[in-house]
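Chemist: Put chains B and C on the given structure of chain A with help from the hints.
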Amino acid sequence: MSAPLLSAHGLTKAYGSRLACAGIDLDVTEGEVLAIVGESGSGKSTLLSLLAGELAPDSGEVRYRMREGRTRALADLGAAELRRLMRTDWGFVRQDARQGLRMAVSAGGNVGERLMGMGERHYGRIRGQALDWLGRVEIEAGRVDDPPSQFSGGMRQRLQIARNLVTGPRLVLMDEPTSGLDVSVQARLLDLIRRLSAELGLAVIIVTHDLAVARLLSHRIAVMRAGRVIETGLTDRVLDDPEHAYTQLLVSSVLAA
Amino acid sequence: MYVAVKGGEAAIDNAHRLLAEARRGDPAIPELSVAQIRAQMALLVDRVMTEGSLYDPDLAALALKQARGDVVEAVFLVRAYRTTLPRFGASVPVETGAMTVERRISATFKDLPGGQVLGPTFDYTHRLIDFALAAESECEPAAEAEPRADAGTCPRVTDLLAQDGLIEPSPADDGAPVGDLTREPVDYPADRALRLQALARGDEGFILSLAYSTQRGYGRTHPFVGEIRVGAVDVAFVPEELGFAVPLGRVRLTECQMVNQFKGSGAAPPQFTRGYGLSFGQSERKAMAMALVDRALRAEELGEPVASPAQDQEFVLAHCDSLQATGFVEHLKLPHYVDFQAELELVRRLRAAFEETSDAAGMQEAAE
Amino acid sequence: MSAAIAQRPEREPGYNFAYLDEGTKRMIRRAILKAIAVPGYQVPFASREMPMPYGWGTGGVQVTAAILGRSDVLKVIDQGADDTTNAVSIRRFFARTSGVATTTRTAEATIIQTRHRIPETPLSEGQVLVYQVPIPEPLRFLEPRETETRQLHALAEYGAMHVKLYEDISRHGHIATTYAYPVEVAGRYVMDPSPTPKFDNPKMDDCPALQLFGAGRERRIYAVPPYTRVRSLDFEDHPFRVQEFTQPCALCGASGHYLDEVVTDDSGGRMFICSDTDICETRVAEAAR
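Top line first, the protein sequences correspond to chains A, B and C.
First residue of the first sequence: 1, per full-length UniProt numbering; consecutive thereafter.
First residue of the second sequence: 1, per full-length UniProt numbering; consecutive thereafter.
First residue of the third sequence: 1, per full-length UniProt numbering; consecutive thereafter.
Isolated chain A, as found in the complex:
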């Protein structure tokens, strides 16, 4: 098995006396979809912020295998390097599209921003790429000049995905990307995420409270409770044959509901 793309070792973060994350170890390999599941307050969003380098851990580290092959600790990257990594090799799809998009800028401008940030200075090519990506996330070409404030919730999430994927990242973080959407819209979005991640060989770390989302998308699952990962394993194994009592409770409560 190849070296992991991203690995976390002993990640710990406390807010006052409350431990949001306690000694978390994680690995993600290229092309793998990992779901982090747990109830709200279990520390999964804090974990995602730590993995993304947005929060500094109290202890522990996150290591990432760069495009050129070297594995480096995020903490050792300078601010410039880290930000470049975030806008080229990584993507981050937010729960609230307003945090992930420029709401007053057209869909085309939203998709094109990363390209322009990387130095692309040809309007025609930027627009061409934007149109191509809108097509791939099933947004009609006619909407390219409309701002996301005129889009539905599902369209906004698909636009966020296009905005992130346009630079060909290898790792995408997703924070509850389907919550708050209608069931049919959710299904379409999940389908799209599954298809794109398979097609592009993306590694995805998705945080969700919804076990159905985890089952549909992920290869592996990590279950969090009170700041700790209490169980990890292949998705089918964890959901069909949970070992930890809490996971059993979580699975059965979904089944009962």
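Heads up, some of the hints might be wrong.
EDC-like mimics (lysine to aspartate or glutamate), calculated; alpha carbons at most 16 angstroms apart, straight line [to be verified]: (1) B:Lys-65 <-> B:Asp-111; (2) C:Lys-164 <-> A:Asp-146; (3) B:Lys-263 <-> B:Glu-168; (4) C:Lys-164 <-> A:Asp-145; (5) C:Lys-164 <-> A:Glu-120; (6) B:Lys-65 <-> B:Glu-21; (7) C:Lys-25 <-> B:Glu-184; (8) C:Lys-164 <-> C:Asp-234; (9) B:Lys-65 <-> B:Glu-31.
Bear in mind the hints are in silico, worked out from the structure with no lab data behind them.
Modeler: Only chains B and C this time, still in chain A's reference frame:
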């Protein structure tokens, strides 16, 4: 043949002469003296000193006369004059605990050492126009205060609370030099000393409205007026060659200490926190508003979410100064012919393009 | 000495030469030196409260005061003209407080303080052009926070700047920014050229004169040293273009100058004349000879 308008110089001169005439007003009415303004428009003078960052009642009164009573303009005159003054150094911190109080009230304790002293206040007056004032008349002399056993001792309410550890300690003087935002550029995030300077100089109306917004839920601070005190304090200075403090004189100040409820965070126990306001002369509204906004601006330090304007230091500090605000708003009066010409040309071009496309669409419709 | 240079006026006693005290001037000069060393970078400085309002040229006035020497010849323009009220007011301020000679002739000036224009007469080595700047931060309208914009400059993250240009083209078919058009200086910092029309942007590039920018209210000084590359932001397939006027100046007949539109009557009468009054008057006088 068109000749470009000339004569800016003459126009400016004439406008200045007209201004001088308007300032004086009807010559049949006696001219106001600076001494009259200082004595009878005292609160206005205090405000000009506070926002002008210069304690000089005569200069503030003169500025008000020159400014025709326009507060912002008078502050402007005082500040521009202040720029030219040499700076010897910073005084020893004034001891407000040793203030000769003219007024001292607390909303948190019914009685306390030193007592509640109402002093000269509009509070509890009925705001009825007093037509007797229209006729210039002598006023009744004020009543003499009853002597009190504890007169002269007036400990700060916050010090009383601090004895029991119920309020956060007043930050100790760490000996580090205090920044001066009139001498160094502000670098965000600004520390509390710089924020307090900016608030003290800030426009009273703006600070007041921000303070009000925190009470209406935009960044609540759960305040109580621990104490407001007005009176004179000594100012002392340590000349380098002497090495000990020499008194320079006395200044009148208003100090407000807000006591704010705080439920504690992971790092700090539940205790009251402080908001601080200080102004020259008697400027209670300003000192209170300043204390509320000071406390709101400490949100980040105290681990509270920063979500409202009064908690956002870049927003507050960048916009509270009346001179910066009035200058930039009023600069719109300056000629903008060149930019406007550029925009005119653009709008014409866009309109031409718009008409072309709608004509084309119209023709297409007609053809269909 | 040419007739256009005014007699050296009397300096008003009671104020230091050029109003500011020498300590303040040194502080400003240190900021200027830093600005020249890092072209296009906004250097914070402790702007003083001047006797004219913020937004009326206090930044430019402080820069001029800091570099002004007794042998300098000063020209002050606003909208390209020497006789607009604010230009008159600032020129008088320096005449009163420094007693230096003033001029309306671009070629004779050693320091030119300007608001909204660059003179049409090409500048030469040894001249200094001082711009009055209202908002120095080119990223301000994309990001209101100083802490964030400083980070973006530090990391040279200018993608968002191009997003604005992209939006213009997608909406109008061309870049619709007409003044304060952002430039990249010496291949590094993106800079606001102050609200000059983009017509003047090419004059900033490879200019023999030193260009200094002062923003008093926002407390920033920045600079373009002589002979520095100044590139207006654009796209390869939508290159930067300046405004073009269809007719020549109605007074001096010049074409290729920036023109002001003057309303001559209340029935739609218009004429176009040079915004740079010095070059226009010089050409009219030459034609009369």
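Chemist: Sort out whether A:Glu-120 lies within 16 angstroms of C:Lys-164, counting only the CA atoms.
Modeler: Given pair C:Lys-164, A:Glu-120 holds - Cα atoms ~14 angstroms apart, limit 16 angstroms.
Chemist: Checking one constraint from the list: CA of B:Lys-65 to CA of B:Glu-31, max 16 angstroms. Satisfied?
Modeler: holds (10 angstroms)
Chemist: Is the hinted pair C:Lys-164 and A:Asp-145 satisfied, with a Cα-Cα distance of at most 16 angstroms?
Modeler: With a Cα-Cα distance of about 13 angstroms, the restraint between C:Lys-164 and A:Asp-145 holds, given a limit of 16 angstroms.
Chemist: Holds or violated: C:Lys-164 and A:Asp-146, Cα atoms, limit 16 angstroms.
Modeler: Roughly 14 angstroms between the alpha carbons, so the hint for C:Lys-164 and A:Asp-146 holds.
Chemist: Would you mind confirming whether the straight-line C-alpha gap from B:Lys-65 to B:Asp-111 stays at or under 16 angstroms?
Modeler: violated (42 angstroms)
Chemist: Given the hinted pair C:Lys-164 and C:Asp-234, is their alpha-carbon gap at most 16 angstroms?
Modeler: Holds: C:Lys-164 and C:Asp-234 sit about 11 angstroms apart, inside 16 angstroms.
Chemist: CA of B:Lys-263 to CA of B:Glu-168, is that 16 angstroms or under?
Modeler: holds (12 angstroms)
Chemist: Please work out if C:Lys-25 and B:Glu-184 have their alpha carbons no farther apart than 16 angstroms.
Modeler: Holds, at roughly 13 angstroms.
Chemist: Do the alpha carbons of B:Lys-65 and B:Glu-21 lie within 16 angstroms of each other, as the hint requires?
Modeler: Holds - the C-alpha atoms of B:Glu-21 and B:Lys-65 are around 13 angstroms apart, at most 16 angstroms.
Hint 1 from the list above is the single one not met by this structure.
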